[in-house]
Amino acid sequence: AQTVTQSQPEMSVQEAETVTLSCTYDTSESDYYLFWYKQPPSRQMILVIRQEAYKQQNATENRFSVNFQKAAKSFSLKISDSQLGDAAMYFCAYRTYGSGNTGKLIFGQGTTLQVKP
Amino acid sequence: DVKVTQSSRYLVKRTGEKVFLECVQDMDHENMFWYRQDPGLGLRLIYFSYDVKMKEKGDIPEGYSVSREKKERFSLILESASTNQTSMYLCASSGRRSTQYFGPGTRLTVL
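Heads up: the sequence lines are chains F and R, in that order. Mapping of the first sequence onto the working numbering: position 106 corresponds to residue 106, and the numbering continues sequentially without gaps. Mapping of the second sequence onto the working numbering: position 50 corresponds to residue 50, and the numbering continues sequentially without gaps.
Derived by calculation from the structure, the hints in this document are not laboratory data.
For lysine-lysine, the following DSBU-like pairs were computed, each having C-alpha atoms within a straight-line distance of at most 30 Å:
#1 Lys104(F) - Lys18(R)
#2 Lys53(R) - Lys18(R)
#3 Lys55(F) - Lys104(F)
#4 Lys71(R) - Lys18(R)
#5 Lys70(R) - Lys104(F)
#6 Lys3(R) - Lys78(F)
#7 Lys18(R) - Lys55(R)
#8 Lys71(R) - Lys104(F)
#9 Lys13(R) - Lys55(R)
#10 Lys13(R) - Lys3(R)
#11 Lys3(R) - Lys55(R)
#12 Lys104(F) - Lys70(F)
#13 Lys3(R) - Lys55(F)
#14 Lys78(F) - Lys104(F)
#15 Lys70(R) - Lys57(R)
#16 Lys73(F) - Lys57(R)
#17 Lys53(R) - Lys104(F)
#18 Lys57(R) - Lys104(F)
#19 Lys55(R) - Lys104(F)
#20 Lys70(R) - Lys13(R)
#21 Lys70(R) - Lys55(R)
#22 Lys104(F) - Lys3(R)
#23 Lys71(R) - Lys53(R)
Quick caveat, the model's predicted, so the values are computed rather than measured.
Construct the complete structure from the given sequences, taking the supplied hints into account.
Put into structure tokens, the structure is as follows:
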């Protein structure tokens with residue numbers, strides 16, 4: 001069975017600085033998706049970034065980028081030029097790719113990011 | 001934009017009541033999901049549905065049931081609410097190979 005581990009329950013960063021959130025996963029599959037979701041306090045969970053395992057190029061989305069290391073089963077999220085609005089809980093998630101999959105996500109435990117002004 | 005809506009943001013019920021949480025998506029997604037989110041426990045999957053009238057148990061189905069009579073609507077039912085079901089409930093939907101999108105959540109308090 002697949003598992004996702006976020007080893008940092010809490011992180012903090014100074015506004016305008018860069019922070020990296022860690023995520024490791026375990027799977028025997030070769031094709032899969034990885035996601036980072038953001039959940040601001042009392043607000044909706046939204047997708048930050050998505051990576052397909054067959055793509056070697058790391059996904060980027062404005063100030064957000066990932067470091068996808070398939071062999072190491074690592075999927076970290078880098079937030080550059082941190083803003084106060086980045087303060088949230090961040091979840092790493094895994095989804096199988098194969099045919100017949102039901103779209104189930106396997107989530108990590110989450111990392112709460114604090115941004116200091 | 002994908003829209004997933006949930007019937008209530010906040011709900012207060014009494015022990016023993018039957019509770020319905022409704023979720024509607026507007027993207028013709030095949031898959032729909034109900035999660036429960038508790039501090040320190042992350043998101044836990046209660047039930048999911050991959051087609052109309054089809055459902056599968058997730059990790060914590062006990063005390064819950066679901067209904068999916070139409071593709072766009074997925075209901076979570078607490079047959080007899082208990083205090084340990086006080087939680088945040090999140091609904092989500094996805095296509096066969098697409099990203100999962102979440103609703104705003106329902107914070108349920110059972111007194």
